[in-house]
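Same order as they appear, the protein sequences are chains A and B. Take any residue in the first sequence, count from 1 to its spot, add 133: that is its number in this note's numbering. Take any residue in the second sequence, count from 1 to its spot, add 92: that is its number in this note's numbering.
Hints are computed from structural coordinates only; laboratory data are not their basis. Accuracy of the hints is not assured; some may be wrong.
Not the full set, but computed from the structure, chain A residues with beta-carbon under 10 Å of chain B [stated by the list, open to error]:
1) Ser-197
2) Pro-201
3) Ala-204
4) Asp-208
5) Lys-256
6) Tyr-335
7) Lys-361
8) Ala-429
9) Thr-456
10) Pro-468
11) Arg-579
12) Pro-581
13) Asp-582
14) Gly-602
No experiment lies behind these values; they were computed from the predicted model shown. Where a beta carbon is used, it is the ideal one built from N, C-alpha and C, also for glycine.
Here's the letter readout for the chains.
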Amino acid sequence: MSDISIALTGNPNTGKSTIFNQLTGARQKIGNWPGVTVDKKIGYLNYQGRNITVVDLPGTYSVSARSPEEAIVMDFLKNNKMDVVVDVLDSSNLERNLFLTLQLMEEGIPLLIDLNMQDEAKKRGLVVNKEKLSQILGMPVVETVGRRSDGVKTLLSVFTTEVMEKYHPSEMIQSHIENVKSINESGKSAEEIEEAIIDARYALINNIVSEVVTIDKRSVSVSETIDKYLANGILAPFLFLGIMYVVFLITFEWIGQPIADLVDELVAGPITEGATSFLEGVGVSEWLKAMIVDGAIAGVGAVLTFVPLIFILFFCLSFLDGTGYMARVAFVTDPVMRRVGLTGKGIMPMMMSFGCAVPAIMGARALDSEKDRLTAIMVTPFLTCGAKLPIMALFAAMFFPDNAANVVFLMYIIGVVMAIVAAKILGATVLKDEGSTFLLELPPYRIPDIKTVLLETWDKGKGYLIKAGTIIFAASVIVWFLANFNFSGQTEEMSESFLAGLGGIIAPLFYFHGFNTWEAGAAVINGILAKETVVSTMGILYGVAGEIDPDTAAEEAEIFLNSGMGAAFTSLSAFTFMVFSQLYTPCVTALGTIKKEAGGFKWMAFSAVYMFFLAWVVSLLVYQIGRLLGF
Amino acid sequence: MTLREGKVGETFCVEKIEPSPLKSRLMTMGLTKGTKIEVMPSAPFGDPMAIKIRSYKLALRREDAKKVIVQKVG
Numbered sequence: 134m135s136d137i138s139i140a141l142t143g144n145p146n147t148g149k150s151t152i153f154n155q156l157t158g159a160r161q162k163i164g165n166w167p168g169v170t171v172d173k174k175i176g177y178l179n180y181q182g183r184n185i186t187v188v189d190l191p192g193t194y195s196v197s198a199r200s201p202e203e204a205i206v207m208d209f210l211k212n213n214k215m216d217v218v219v220d221v222l223d224s225s226n227l228e229r230n231l232f233l234t235l236q237l238m239e240e241g242i243p244l245l246i247d248l249n250m251q252d253e254a255k256k257r258g259l260v261v262n263k264e265k266l267s268q269i270l271g272m273p274v275v276e277t278v279g280r281r282s283d284g285v286k287t288l289l290s291v292f293t294t295e296v297m298e299k300y301h302p303s304e305m306i307q308s309h310i311e312n313v314k315s316i317n318e319s320g321k322s323a324e325e326i327e328e329a330i331i332d333a334r335y336a337l338i339n340n341i342v343s344e345v346v347t348i349d350k351r352s353v354s355v356s357e358t359i360d361k362y363l364a365n366g367i368l369a370p371f372l373f374l375g376i377m378y379v380v381f382l383i384t385f386e387w388i389g390q391p392i393a394d395l396v397d398e399l400v401a402g403p404i405t406e407g408a409t410s411f412l413e414g415v416g417v418s419e420w421l422k423a424m425i426v427d428g429a430i431a432g433v434g435a436v437l438t439f440v441p442l443i444f445i446l447f448f449c450l451s452f453l454d455g456t457g458y459m460a461r462v463a464f465v466t467d468p469v470m471r472r473v474g475l476t477g478k479g480i481m482p483m484m485m486s487f488g489c490a491v492p493a494i495m496g497a498r499a500l501d502s503e504k505d506r507l508t509a510i511m512v513t514p515f516l517t518c519g520a521k522l523p524i525m526a527l528f529a530a531m532f533f534p535d536n537a538a539n540v541v542f543l544m545y546i547i548g549v550v551m552a553i554v555a556a557k558i559l560g561a562t563v564l565k566d567e568g569s570t571f572l573l574e575l576p577p578y579r580i581p582d583i584k585t586v587l588l589e590t591w592d593k594g595k596g597y598l599i600k601a602g603t604i605i606f607a608a609s610v611i612v613w614f615l616a617n618f619n620f621s622g623q624t625e626e627m628s629e630s631f632l633a634g635l636g637g638i639i640a641p642l643f644y645f646h647g648f649n650t651w652e653a654g655a656a657v658i659n660g661i662l663a664k665e666t667v668v669s670t671m672g673i674l675y676g677v678a679g680e681i682d683p684d685t686a687a688e689e690a691e692i693f694l695n696s697g698m699g700a701a702f703t704s705l706s707a708f709t710f711m712v713f714s715q716l717y718t719p720c721v722t723a724l725g726t727i728k729k730e731a732g733g734f735k736w737m738a739f740s741a742v743y744m745f746f747l748a749w750v751v752s753l754l755v756y757q758i759g760r761l762l763g764f
Numbered sequence: 093m094t095l096r097e098g099k100v101g102e103t104f105c106v107e108k109i110e111p112s113p114l115k116s117r118l119m120t121m122g123l124t125k126g127t128k129i130e131v132m133p134s135a136p137f138g139d140p141m142a143i144k145i146r147s148y149k150l151a152l153r154r155e156d157a158k159k160v161i162v163q164k165v166g
């Protein structure tokens, strides 16, 4: 039997992704549609000896080309001859779902209707007469319950081109298509035509639904009860903060951090030792061994420890998204986000950037307008990511031992405030407000499909893993080289290395900031490669690295204080350095992501420069005002 | 009146939508003439508001709801 190509289409929140994941499992490729940042998912499976290719088109409410997603669905279906196009419908919400169906039918695209979420419809007392629907639409109709694979099997068994040929649209549909044609040719304005057609579609839908759907019983939906607390009441914002707090506890304390510590130990211990003895065994030169062990392994290892954190955070957020809660978060936070020049949908990237700016920048895809997306991409890196936290923790413990936690918290606040200010500035200058809108479906609460959550987590997290192996790998080797070589070759004294030289060159930039030492300059440069290296660079340059293995943060701070670092900073210049580190240019991994997501080198360069500049100005003000006030 | 003034529990019928950039999107989401809308509890500080329409729940800002002219039916 021949191979089959299938496209999946449907509204958002219909369980389409779940169907896709159930069909193809992990055998999928995720890429980008050309020229736009919309995920392109293609999956493969084998069913009864036939190779099946499944394209998961973006979920859309219509195909009127009002968004990149809508344009993609239309272009794809018009330009690619698929064997079957499956239209996934939420059975409990046929009225709105059929809109897309009709639009596709008007374009002459043969569909296979998948009545998904049968269980939910039944729970809500809705009975859909599938034979009748099939008869009216003139298309095969299959029932599925996305999370169970039996329905999906039925779907597969109907996937034959022969079956499709047996169906013909009813008179009702044919006259609708005629009607649409005559509206199109009526010579009215494009707007009037569009509105008349929308009205015609819904008029027909009302007829279809009244014939096909019967309401058994009215039931109070559980979602309404949950929403009373999570979306409506005065408690909602606090519950949101509480839920996020738990997510962060899970990520940084309960599950993520212990795994991260394990990775850290594994890299520092067996891997480093293994590599060292292997390299010694093969008899490579001393500098090559140092480059691999102290450069590449140490650098990549530092990033690998963040991988578990990223994956756990992503799992939690994907899970919450799958329950329908994230739509409520957008709903509740919209008034606040609007003040900032974003919409409620921007809250998700903001939350993610407390873990890592990279997934946050990618998460900005969910935003509606180009302006919202760019604003989110440009401001999320100001927030305190997991890699900046060690800088803040160490400096606070060293120079503000009595108020360490408060000072760290203050840095978080400074990051948030700066993100808000930057959004305002950008909105008034480069990213002029085109009047943002907020229109969002609040889907019923659901138990997320774990397979879908896991695949989503993997999909988002794996990019970070790849970057650890490429950008960070290269950057670590470069930093190691810069720190260990100068024009006359390898050097024992880091103060004579290229890195010291570079640090010395940029140090004068911070003359009025109180930290114009080459060590701080070198740390700032390294911080652009990866923020996690700021502390380790300081450690190496002040000669604290190596044998120390402090048990507590206080001990670590004590060791750093007793090195030259204690004398190099005053409390005020240390605070200034913290503020600068909090705000300046994001790391290269984030910059690379900005280039990809914002669509070009221009935005990447802009973000690197404007963040450096704002950080420079703000920290300058902090230092100079601090001095005036006598600190 | 406009949908903006709608109170929780009240039911309305869409009369028309005033010209706005959101008009065709609102219509696509089902707010066509004669469609019944039930006002649902809004976000904590009253905005955005939520409505039940065509058996699903939609959130929109009051500012945008101002463009939706409605008639009270219950």
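Hint by hint, here is what the structure shows:
{"no.": "1", "hint": "Ser-197", "in the structure": "7 Å, holds"}
{"no.": "2", "hint": "Pro-201", "in the structure": "15 Å, violated"}
{"no.": "3", "hint": "Ala-204", "in the structure": "15 Å, violated"}
{"no.": "4", "hint": "Asp-208", "in the structure": "19 Å, violated"}
{"no.": "5", "hint": "Lys-256", "in the structure": "13 Å, violated"}
{"no.": "6", "hint": "Tyr-335", "in the structure": "5 Å, holds"}
{"no.": "7", "hint": "Lys-361", "in the structure": "7 Å, holds"}
{"no.": "8", "hint": "Ala-429", "in the structure": "49 Å, violated"}
{"no.": "9", "hint": "Thr-456", "in the structure": "15 Å, violated"}
{"no.": "10", "hint": "Pro-468", "in the structure": "6 Å, holds"}
{"no.": "11", "hint": "Arg-579", "in the structure": "13 Å, violated"}
{"no.": "12", "hint": "Pro-581", "in the structure": "19 Å, violated"}
{"no.": "13", "hint": "Asp-582", "in the structure": "20 Å, violated"}
{"no.": "14", "hint": "Gly-602", "in the structure": "41 Å, violated"}
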